[in-house]
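Since chain A is already given, all that's left is putting chain B on it; use the hints.
So the sequences go chain by chain: A and B.
Number 449 in the UniProt record's numbering belongs to position 449 of the first sequence; there are no gaps in the numbering.
Number 185 in the UniProt record's numbering belongs to position 185 of the second sequence; there are no gaps in the numbering.
Rather than coming from a laboratory, the hints here were simulated on the basis of the structure.
Ideal Cβ placement from N, Cα and C applies to all residues, glycine included.
Hints may contain errors.
[Stated by the list, open to error] Computed list of lysine to any residue pairs in SDA-like fashion (alpha-carbon distance at most 25 Å, straight line): (1) B/LYS16 / A/GLN298; (2) A/LYS304 / B/SER112; (3) A/LYS234 / A/GLU211; (4) B/LYS152 / A/GLU350; (5) B/LYS161 / A/GLU373; (6) B/LYS151 / A/SER313; (7) B/LYS152 / A/LYS234; (8) B/LYS27 / B/LEU15; (9) B/LYS85 / A/SER352.
[What the hints assert, rightly or not] Computed footprint of chain B on chain A, listed as stretches where at least three residues anywhere in the stretch have a Cβ under 8 Å from a Cβ of chain B: (10) 268-275; (11) 294-308.
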Amino acid sequence: MAPPAASQRYPSPSQPSGKSEVSDLKTQLRQLAGSRAPGVDDSKRDLYKKVISYMTIGIDVSSVFGEMVMCSATSDIVLKKMCYLYVGNYAKGNPDLSLLTINFLQRDCKDEDPMIRGLALRSLCSLRVPNLVEYLVGPLGSGLKDNNSYVRTIAVTGVLKLYHISPSTCIDADFPATLKSLMLHDSDAQVVANCLSALQEIWSLEASHSEEACREKESLLSKPVIYYFLNRIKEFNEWAQCLILELAVKYVPSDSNDIFDIMNLLEDRLQHANGAVVLATVKVFLQLTLSMTDVHQQVYERIKSPLLTLVSSGSPEQSYAILSHLHLLVVRAPFIFAADYKHFYCQYNEPSYVKKLKLEMLTAVANESNTYEIVTELCEYAANVDIAIARESIRAVGKIALQQYDVNAIVDRLLQFLEMEKDYVTAETLVLVKDLLRKYPQWSHDCISVVGGISSKNIQEPKAKAALIWMLGEYAQDMSDAPYVLENLIENWEEEHSAEVRLHLLTAAMKCFFKRAPETQKALGTALAAGIADFHQDVHDRALFYYRVLQYDVHVAERVVSPPKQAVSVFADTQSSEIKDRVFDEFNSLSVIYQKPSYMFTDKEHRGPFEFSDEVGNISITPEASSDIVPAQQYEANDKDLLLGIDEKDENKGVSNNNGSAYTAPSLESSSNITSQMQELAISGPATSATTPQSFGFDDLFGLGLSTAPAPTPSPPLLKLNARAALDPGAFQQKWRQLPISLTQECSVNPQGIAALTVPQSLIKHMQSHSIHCIASGGQSPNFKFFFFAQKESEPSNYLTECIINTSSAKAQIKVKADEQSTCQAFTTVFETALSKFVSLTFDFVSLCY
Amino acid sequence: MIDNGFPLTTEPSILKEMIAPPNLVSKMLSVVTGNASNVSDTLPSGAGSCVPWRPTDPKYSSNEVYVDLVEEMDAIVNRDGELVKCEIYGEVQMNSQLTGFPDLTLSFANPSILEDMRFHPCVRYRPWESHQVLSFVPPDGEFKLMSYRVKKLKNTPVYVKPQITSDSGTCRISVLVGIRSDPGKTIESITLSFQLPHCVSSADLSSNHGTVTILSNKTCTWTIGRIPKDKTPCLSGTLALEPGLERLHVFPTFKLGFKIMGIALSGLRIEKLDLQTIPPRLYKGFRAQTRAGEFDVRL
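Isolated chain A (complex conformation) (with noise of 0.2 Å):
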């Protein structure tokens, strides 16, 4: 205890330590407490603030918890909030001392003024120890039903909170049910708004184990609902517009009329100040539309302005994040901003970020009318101060270039940059030069003509070097001059520091030793002993390989490395179709501006329940069933991918770039393996009663042998499955969309057995110890859907099943897509095998019971 002559001054803030200080602190709160003096609130004032000041700077202070709470029977607000802000702070750490406080709490909720019954009620929410939760039922029960509306804001938000702390207290107390009421009876906008919020997040996380939640959470998104929301949307604050915005997005619409009164509803939040509104009405426009092309055309013409000015007007860091969603739109319409491509010119003043999205818009926006300008404007940027930015703007104009519009022109202009006799500038294109020359052979003979007359000497950059080394093997007959320049190269054989130069090296001097063998010959020997002692492995590889074909037969090495080739038509795209269709479903959302989905960047346990976009809205995705195994199985598979990948580059590179040779081995070993396997089938089939690979009488064999005899003994399944098999929900999504459907069969099961099946889960588990996992799930009695994939152990080769159980009528309808579809039977009898499992384990488990 600190002498009484300390706690008379205030300790010094320079004294870092706190120890003592919080005793002192916690001397003179014991000292105000019961006084009732005046002034003594002031004092009190000066104590609060240095204990809030401490919190925030991470002392911890939580030791004066008592005091505090002693302190605070007070009618200052100021006091009562820095009070409540403590309070909140440290409840959960001190459950038995926060009991102290709801007395004190409570009978602010019941203070004349609404600041302070509001303030209260935040607080007393806040606590979050889960055993006071009985004190706050009836507090939040008047808060919601509180005539100041400031208090009945709180008391929605508040609800939530206690469905975090305890989801039963708040659903026995039938909060949801007054909530409903609220949002759709309440006048202040800012009450419905919270109501809705709360609403959603409670009802999402309840679905997984409610029906009813299930289907409040599907009224919301009901027509009236909707159209109420809509209505009043003017009268809510940005964040609530934007929530509701949200809401409509998945509102699927009955008919066109619908959607076109939703339209006009929603047409002048196109024109809100808000950025963030119009975005999030932009994506309701395009995403009701979807199904009517031509209503969806004349959409992309009205939100086309709105768009646009928000790039211009504001800060370079929206205009990034609209640029991203524009090049979204542009990729998916690329004629809509045709003839608005001056707004993407580049201002000196812009971040190279904004510059570098506005290239890639001009990229995607040129078309035949407007490519002059386009690339007259690029070739401005090619000079630009800013080296990054001009490098950008050449493999812009490359890329145009490559899409096919007014080539000769852009031609022309690219052989200018080699004029410019900058070396970045030379360096790309060059690399540009050489892909457009895979593209159009028949400018070989401009294009030639300039590069000849380059000297290798003034370029540095590995990627640039190799280009040029490129098209001196590839043109040597048109370059008089090429095997010296070879020839020249080779002597610095040992200079050269990136292998991908050295093996670009390798080839072109093959090249044009075949083409002009008196003039090379003495090079290519030179190459070939240079490459074999290189320490290089695949320089190393590539040398010897091409040293024994030519040992071998000159002519076979030339069909080898210098075959005929065809001309490249399409470069391939980095991104799938599939990805750019999943971001586009995240419009609005850091999806665009990362370009990728939202399932790549964030952590499984972040990433909630979401749903299939092509099925019916209830199945939601189980992640846990494959969450756990997945891991170890990526890695495999990756590893595999990588051996692979270096397989078939090194395959490709010894073929020496001929774009034209595919690579598809058929895998004879694979097919052999599957006759036995189908074989064995026939043999062993009819040993087994439920394995019978005819379907012929199986409903009835199946049906009757479980309700007569108890199940046959479980012998090992012939199509052996992998039972650590992974597959993502976007590739099932893939895979589901693409294969047809290989086989459809309806059987019955055991009508007794099936009741058991209440929740999804029970089958699920048991369907796992099969080595079928399912990846999604839904519905509710009587009717269940899941979704299960399979692995076949020695290959990666899915079947996808779609299985509707109902258990009113104990049927199962099953549907088997495959990709492959020789063994769809085997598996379909591998999966209902263990499906009649499942029904007569249960089975045996409800006859024990009676």
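Here is chain B on its own, set in the frame of chain A:
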């Protein structure tokens, strides 16, 4: 204003009421009283009304309302003096100090030139759609009523003619600035700034009007002010390149700044501003102003 993690309001005038912007009086007060916070103790009265942007019943002895048209010209001019891109971004800013619950109607003489307007939440959408008039109950004090864009402008008020010739390690540069099309008002505070390329080792620049400054980061600014009647302002001089360089490969971009008071270059004109109930001693004021936004002249 975020209230316990939940957004409460975004309306600037209400925010100002909640947290007073710092001014001399409040600074004095805080020094005297030791109370450093500008946060007011009470919730603004407008927060609960059906027009949340307006305090319930402001009272003024003299009723004043000012409308400002503020426009920014964004343009790119290429080396041949052609206009690559030119558009105007404009805002209608208002300052209203009106008693009670006024209902205003603002109309333009030529609303058809406007493209893609966006409005303050107070503007009613239907009257604009049918008659192109802005009908609204204004917030109290200063606010931005709407913003718009005007495209397809054919002319800029000022021209800039840069020329660079380089030969054997030195560059001669000359830049002429003059009035292209007289807007009818004086063009003020004309400035021209550009970044000297990295390869320039030293520069010797002088002008026949205004001042030229070169900062250490090679940013060169030429402050012209108004263009004199008797001569055309001209910047000229030589740039010495780094040794080994014969010619200049990288060309600077000139950024032009100017300001014209009293005119909106887009040609937008306000026709009239009506009040439904005319309060005593009403004063209405209109102003217009145009300035250069992103105005690039390439070389």
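Cross-check of the supplied hints:
1. B/LYS16 / A/GLN298: violated, 41 Å
2. A/LYS304 / B/SER112: holds, 18 Å
3. A/LYS234 / A/GLU211: violated, 34 Å
4. B/LYS152 / A/GLU350: holds, 22 Å
5. B/LYS161 / A/GLU373: holds, 22 Å
6. B/LYS151 / A/SER313: holds, 14 Å
7. B/LYS152 / A/LYS234: violated, 33 Å
8. B/LYS27 / B/LEU15: With Cα atoms ~19 Å apart, B/LYS27 and B/LEU15 stay inside 25 Å; holds.
9. B/LYS85 / A/SER352: Given pair B/LYS85, A/SER352 holds - Cα atoms ~20 Å apart, limit 25 Å.
10. 268-275: holds (count 5)
11. 294-308: holds (count 3)
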